[in-house]
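The residues making up each chain are set out below.
There are 2 protein chains.
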Amino acid sequence: VTETKGTAVAPPTTATNGRVSSSAQLAPSGAKDTLRFSSELRRTHEVTITRDLLHPGNPALRERIGDRRALVVLTPSVKRLYGRRVLEYFAGEATAAVEFMVLERSEASKSLDAAVEVCERAAAAGLRRTSPIVAIGGGVCTDVCGLAAMLHRRGGPHVKVPTTLVGLIDAGIATKNAVNHLGTKSALGSFHPPEHSLLDIAFLATLPRRHVVNGMAEIIKLAVVSDAELFALLARDGVALVESRFAAPAPVGAEVVRRSVAGMLGELARNPFEVGDLRRRVDFGHTFSPHIEVASGHSILHGEAVALDVALSSQIARELGLLSEDDLDRVLCLMREVGLSLVWPGMSVDALWSTLRAVVEHRDGDLHLVVPTAIGACAYLGIDAISPALLRTSAERLARRSAARPGTLGRRSRT
Amino acid sequence: VTETKGTAVAPPTTATNGRVSSSAQLAPSGAKDTLRFSSELRRTHEVTITRDLLHPGNPALRERIGDRRALVVLTPSVKRLYGRRVLEYFAGEATAAVEFMVLERSEASKSLDAAVEVCERAAAAGLRRTSPIVAIGGGVCTDVCGLAAMLHRRGGPHVKVPTTLVGLIDAGIATKNAVNHLGTKSALGSFHPPEHSLLDIAFLATLPRRHVVNGMAEIIKLAVVSDAELFALLARDGVALVESRFAAPAPVGAEVVRRSVAGMLGELARNPFEVGDLRRRVDFGHTFSPHIEVASGHSILHGEAVALDVALSSQIARELGLLSEDDLDRVLCLMREVGLSLVWPGMSVDALWSTLRAVVEHRDGDLHLVVPTAIGACAYLGIDAISPALLRTSAERLARRSAARPGTLGRRSRT
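Protein sequence lines correspond, in order, to chains A and B.
Position one of the first sequence corresponds to residue 7 (my numbering), numbered consecutively onward.
Position one of the second sequence corresponds to residue 7 (my numbering), numbered consecutively onward.
To be clear, the hints were calculated from the coordinates, so they are not data collected in a lab.
Since the model is a prediction, treat every value here as computed from it, not as a measurement.
The reader is advised that the hints may include incorrect statements.
No copy is singled out in the list; a pair is fine if it fits within one copy or between any two copies.
With a cut-off of at most 30 Å between alpha-carbon atoms, the simulated DSS-like pairs for lysine-lysine come out as follows [to be verified]:
#1 Lys38 <-> Lys182
#2 Lys85 <-> Lys191
#3 Lys191 <-> Lys38
#4 Lys85 <-> Lys182
#5 Lys85 <-> Lys38
Full structure from sequences and hints, please.
Structure follows, in structure tokens:
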């Protein structure tokens, strides 16, 4: 751009509204007739562990909304179990501008039109650009609301209040969100950090056992690849935690959630928007599992699929001599003890293999299969390290090991 | 989080893949049991003015795609007028992984499912996380593709090649993108800067006259509020530029585009993600116009609606004594000369007034109506400064002024 060569067209500027700020600079580039527009977007996401979140005397959630209008989105379960308390919590004068909606979606119906449904309600409720969408529910609800916040007014704020174990230690503290599309898990989504995550393990008291077990899979995943101390806690008290919905042994439930949250966020902080190097320890258990969830028609929950993937990936590591038999035993034993299945008859070697090929695309040309090398350590495998024969051998070994003691997928409870 | 208090949980880290980089830090916050996750996303958007973009000897577009797979999205008009040249341009071996699609959408059908259609094609074409979506078309096409790139793999790269005048100086260089939903213009969207915008005014040679006039509205808008020299160029050569499709007078067409692009980007650089202070000079002409576009069933083009808004906002400034009669005359004369209408019979004062109330919501509680105070200068008006009576007076004055010489909206051409 001739008349601007050699001079900055626009000096660096900064704009801010508290938790979000941005800078930009416009300058000639080295190339002919080229302007370079450099922008920077900074966001702060606060994750707070609190107790009795819905007690009228706990100001945490109200303070975070402040005097802004807000749309509070509940799942049908949350409405049934906590609806009255939610209404009472927001009944004061200070928060008169809060509106509510119930979002009835499961993993099987976690689609883009769910996010649009929330956007439409947000528009009808008169949400402004700085008005938050507050999701109180499981991972489906917080994901859909995160994407809705991204689409409504091009990136409005959102607050996540997870009520499931997966939500507390994974979906409810994540930077990214997504919905499923045309049989592909998380096909459409965005990176859009929430303003706040408010975590209260008291919600687990009403969580069905199966969903507690489901969340344990994500905690075990994290422990196996990055936190041997957390693994030791789970090995000692994991079963009791499931049975008590994290209430007993008393300090351990909170400690496990704290360690998991700090560990997960620490892993995310390495590369929160997944640019460049796509090796992520938290992807352990997340290579085969999206396919498994979809192939099961979402009858297998996310964590259950993660557990199947953790088992298979660990067995692969064993076959390749990367993981000791003892450590493999410890991983698989813990999973079976808390009630997770190690195999699912619906998995074919062909399907697993074609899943790997699709993951290579998603991870930009490299597989980066995360496998444990010890409790608390991991390695990344390329597609060349895997073969259909290796998958078959690993699956067969797991099936034999599992036959002695089948997991919950064979004997589903109704609770 | 007890065990981490006083120490950084995760030190600052940086990840990069060339044009995108990010940093993050996880640290205890001052508040009890709170971790603060601070993230930063940096993106570089290069805007290049080139000539003969589709000439096989011009490597600009091929170089920017490099060895990556790409999905090139064309509009039906671009396919008809330039399809053969586009295919020839990409016919070499180096770019064998380029796939094509034709997106048939108008402003009236610029909806979320258009973006989903592009995402589906991107998935089918095997686009990876770093594979760009390349839009060659007008503002509808570049907007839809920008949003598709945001949703596909949570923020993939995109490249904009605008082929209309509005595209060259506005939509094709913008950081944000949006689609319409349920009768609301730009109701769903995101901020997602493209990697590259490649601008070639030669595309204007095949642009229908009405669309050249349409683009002139955005250039006049920019000139009136921020660039008196640009206004002088338009006053002198605007009509000739429209008639010649920016080919004559020879250096002026390129100069007008260069000034407009640098001016627009300079304005965007002040606050590219629209956080905090929402006063934006480039919002001149963009307060009443979204309603006008929708109310007309999109029979009025974007720039034509912007012109109606510019006229009304300028007349309001005159009524309030903020703009001289001479300067108002210069603005309105220039618009009529290039063929823009100043009034549309479909606008009622009631609708204009309720539009203002909705804009107050979008701009987070303040109207910030941009009005010119001279050629090259502007002010922002709050909702308290406007009344239905003021709108009525202003609209009536404009109608009388316009009656002497009606614009194109009354006598639409078919070209």
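Outcome of the hint check:
1. For the identical chains of this complex, Lys38 and Lys182 are inter-copy neighbours only, at 25 Å across copies versus 37 Å inside a copy, given an alpha-carbon limit of 30 Å.
2. In this homomeric assembly, Lys85 and Lys191 come within 30 Å of each other (Cα to Cα) only inside a single copy, at 27 Å, whereas the closest approach across copies is 33 Å.
3. Proximity of Lys191 and Lys38 under a CA criterion of 30 Å is satisfied in neither setting, with 43 Å inside one chain copy and 36 Å between copies.
4. Within a single copy, Lys85 and Lys182 get their C-alpha atoms as close as 25 Å, which meets the 30 Å cut-off; across copies the closest is 36 Å, which misses it.
5. In this assembly of identical chains, the alpha carbons of Lys85 and Lys38 lie at most 30 Å apart only when taken from different copies (29 Å versus 60 Å within one copy).
This entry does not satisfy hint 3, going by the numbered hints stated previously; all others are met.
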